[in-house]
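**Student:** So the chains spell out like this:
Number of protein chains: 2
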Amino acid sequence: MNLSISKNALYNALNTVSHAVSPNSPQPVLRGIKITADETGLTLIGSDADISIMKKIKADEENKMNIVDTGSLLIESRYLTEIVRKLDSEIIQIEIVDGALTKFSGSSAVFKINGMKPEDYPNIDFRTIGNPISMDKNALVSIIEGTAFAAATKDTRPVLTGVNFKLENNILSCTATDSFRLAKKTMKFDLDDSFNITIPAKTMFEIKNSMLNDTVEKIEIYQNGKKVQFVSDDMIIQSRLLDGEYPETDRLIPKEFPYVLTIDREELIRAIDRTIFIKNENMAINRLQCSADEIVITNRSQEIGESHENLYGEYTGEPIDISFSANYVISAAKYIGGRTIKICFSGQMKPFVILNTEDDSILQLVLPVRTYN
Amino acid sequence: MNLSISKNALYNALNTVSHAVSPNSPQPVLRGIKITADETGLTLIGSDADISIMKKIKADEENKMNIVDTGSLLIESRYLTEIVRKLDSEIIQIEIVDGALTKFSGSSAVFKINGMKPEDYPNIDFRTIGNPISMDKNALVSIIEGTAFAAATKDTRPVLTGVNFKLENNILSCTATDSFRLAKKTMKFDLDDSFNITIPAKTMFEIKNSMLNDTVEKIEIYQNGKKVQFVSDDMIIQSRLLDGEYPETDRLIPKEFPYVLTIDREELIRAIDRTIFIKNENMAINRLQCSADEIVITNRSQEIGESHENLYGEYTGEPIDISFSANYVISAAKYIGGRTIKICFSGQMKPFVILNTEDDSILQLVLPVRTYN
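Each protein sequence line maps, in turn, to chains A and B.
Our numbering applies: residue 182 is where the first sequence begins, and numbers increase by one.
Our numbering applies: residue 182 is where the second sequence begins, and numbers increase by one.
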C-alpha cells in the first residue's frame, strides 16, 4: 500500500467510520479501522459488535488521491484520526514500510505506526439485503432525534432499548418508549411492503452522528429481520436488530382528548426548566393545574422549597390537576418542535399526549406521576 | 429584607461570589451565599476554608435597586444562582416571608426557598490589613495564567501547591514549581516594602475566574503573612497563605546559556502536540536534537510507533540531544506568549529555560527527562 490523499477527505471519512469503533474493545482488531486501497479508491471499515460502518473515498481529483500500490492496513482508530487530524500538510502520504508498520508523511512530520494484520479483521458482509425503502437524510435524522431519546436505557426489557420501525399500510411508524413515556414519528411511503424491526437506540445515535458530517442526501434502508442497513452513495451503516416482539403501543395512545391545553412551546420549556432544581429524591416533579380561569405550574420539595408560575395558554375542558416528570416533558416538548403545542389529556391519571400544532407526523406521550402533595 | 434589583447585576455578583463556595461543603452554611441588604446596597459573601469573597452591589439607578426593608438571607449557592439566572423578568423581587423562607418573584414565576439562618454564617473579617501594592487586573491575570499551572498538584510538599509572591528590591517575583518545571513572572514596583508569601494555586485560579467577569480595572493587594486580600472598588477576595518556607528557586535557574534555539512558538507547540498520542507508560516524551545543520524532534514508543519531524529554527552552540515531557513544554510555550521563543540550554541533563523574545518579564524552566533510547 502506497498512496497519497487529501487530508480533509481522509479525516472526514475516518471521523464517520470511527463512530462504529469502541476504542476499548476487548478485541484489539475492533479498536482499529481497516483501510483498503484498490484502483477505485479507499474503503474504510469500522465496527463493534452492534454496528459496522463502511465508507468509500473515490480515487478522484477532488480527493487528491494517487494510488501507487494497492493493499490494506489496520490501525487503532484513535491513532489514525489523531495523526491525520494534526499532520502538517493538505496531502498525506501513506505507505506500508514493513509488515504492518505504516508510514504517514505530511510536509515535515513523519510517523511510523505499528499496525495490526488486516487479515485478522473480521470479514463483515456489507452486501445489501432485500428491497430498500428510500428517504431523505434529513427525514431519517428527524426520526432519530424525535424518538430515540425516549428509548429505555436500562435493559430489563431489551427490546425497549431500541427504536421500533414498522412499515404497514404505506405508513412507516417509528416508536420508542421506556414505558414511562413514548415518542412516535410517522411517515407515508407509497410502497407495497411491510416489516417490523427494532434497531438499538445507541446505534441510531451513532448513525445520526456519523451522517451529520456527511454530504449524503438520500438514504436507502435495507432490512431482513436480522440486520438493517443504511446505504448512501459512498457509505453503508449496518446494525444488528434487537430480538423480541415490540409491544403493541398504539393501544396506549388515547384517541379522545376531552381536555386540551394549547401553549407556546418554548415558554413551557422555560417555565419547567426554571423549576428543575427543586427535587424530591433526585427527581423534579411538576404539578400542572388547568382550568378555564388559569393555568398554574408548581413544584415543591420539603427540603428546598417551592415554585409557582401562571402560564399563558388556552385550556378547554373540565379542570385538571396532573403531575409529571419535569425532564420527560422538557424532552418531549424539545423534540416535538413547532411554535405552539397541544397537551391533550384524557383523565387525571391517564397518559397525556403532546402534539405539534403544525406537524401531525410526530407525537409524544408522557405518563403522569402519582404524588401525595 | 424586602427589595428589588436588576437580575443581571445580582446574577453577575452571585457568579463572582460563588467561586469561593464549595457546593458540597460538609458545613451546610458554607454551601450558601449570605446576602445582606442595608441602605447602601447589597453585600454578598461566599467562602470555603481557603478563600472568601465579598462583593458589594451599590443601591443605585444602574442596578435598579430598591430596598424597602433591610435584612439578610443565607441560601444554598446553587439554588440562588439557578433561580436568578432563569427568572422571567429583568427585575427581581426578593422578600423574606417567614423566618428563613425567602420569596423570589419575577414576572409570573415565584419561588419560595428554604434558607438557612444568616446568624449561623461564620463571621469573616474582611478589614484590610497593612499597606497594599496596586496593580492592573490584567497584570494580575497574566501573573496567574503564566505561573499557577506549574504549581504542584500533589501535596507531598504543601508549599509547592502555591504561587510564591516575593517583593524585594522593588521587584515582585511570582514563582510556581512542581520541582519538574518552574514558571516565573516578574514585575517592577516603586515601593519600599518587602514580603514573601505563598498563595494556594487553587485560590489563584478562582481569583482569576471571579475577576474575569468583573468590570474592575485596578486591584490592591494586602497581606500580613497570614492572609492575602485582593481588593477592588466593590470586591474583596481573601485567601489563607500556605505555611512553610518557599524554596530558594533562583539558584535553579541557569544564568549562562551556551546553546540557544530560536523558534516560532506556535509551530513548536503544533509539532509537539502532533506526537502526544505516542506514550510510554502514559507519558509522552519528546527527544529534541539540535545542531547547526538540523533541528529534529522525535517521539518513540515500543507499542505505538514513532514520529520524526524537522523543525525550522535557528540554533547556536554545540549539538545537543535532550528529552522532555511533551506536556510540560507545551504548557510552558503556551503560557509564555509571543511569536518567537528562545529555548536556552546549559547542558545535556541540565534544566532548560524558555524565554519570550519580546518580553523578559516571564520565564519558563523545564527539567529534562532521562531516557534510554
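It is possible that part of the hints are untrue.
All copies of an identical chain are treated as equivalent in the list; a pair is satisfied when it fits inside any one copy or across any two copies.
[Stated by the list, open to error] As a list, the in silico DSSO-like pairs of lysine-lysine whose alpha-carbon atoms are at most 27 Å apart:
no., residue 1, residue 2
1, Lys460, Lys284
2, Lys237, Lys523
3, Lys389, Lys408
4, Lys383, Lys284
5, Lys293, Lys436
6, Lys436, Lys399
7, Lys460, Lys267
8, Lys369, Lys245
9, Lys408, Lys436
10, Lys460, Lys293
Treat the hints as calculated values from the structure; they're not laboratory data.
**Student:** Each hint: holds or not?
**Tutor:** Evaluated hints:
1. Lys460 - Lys284: Classified as between: cross-chain Cα gap 18 Å, same-chain 56 Å, threshold 27 Å.
2. Lys237 - Lys523: Close neither inside one copy (45 Å) nor across copies (46 Å); limit 27 Å.
3. Lys389 - Lys408: Cα proximity of Lys389 and Lys408: one copy only (18 Å, versus 54 Å across).
4. Lys383 - Lys284: Classified as neither; 35 Å inside a copy, 43 Å across copies.
5. Lys293 - Lys436: Classified as neither; 64 Å inside a copy, 39 Å across copies.
6. Lys436 - Lys399: Classified as neither: same-chain Cα gap 34 Å, cross-chain 67 Å, threshold 27 Å.
7. Lys460 - Lys267: between (45 Å within a copy, 16 Å between copies)
8. Lys369 - Lys245: Neither. Shortest intra-copy (41 Å) and inter-copy (56 Å) distances fail the 27 Å Cα cut-off.
9. Lys408 - Lys436: Classified as neither; 33 Å inside a copy, 69 Å across copies.
10. Lys460 - Lys293: between (54 Å within a copy, 14 Å between copies)
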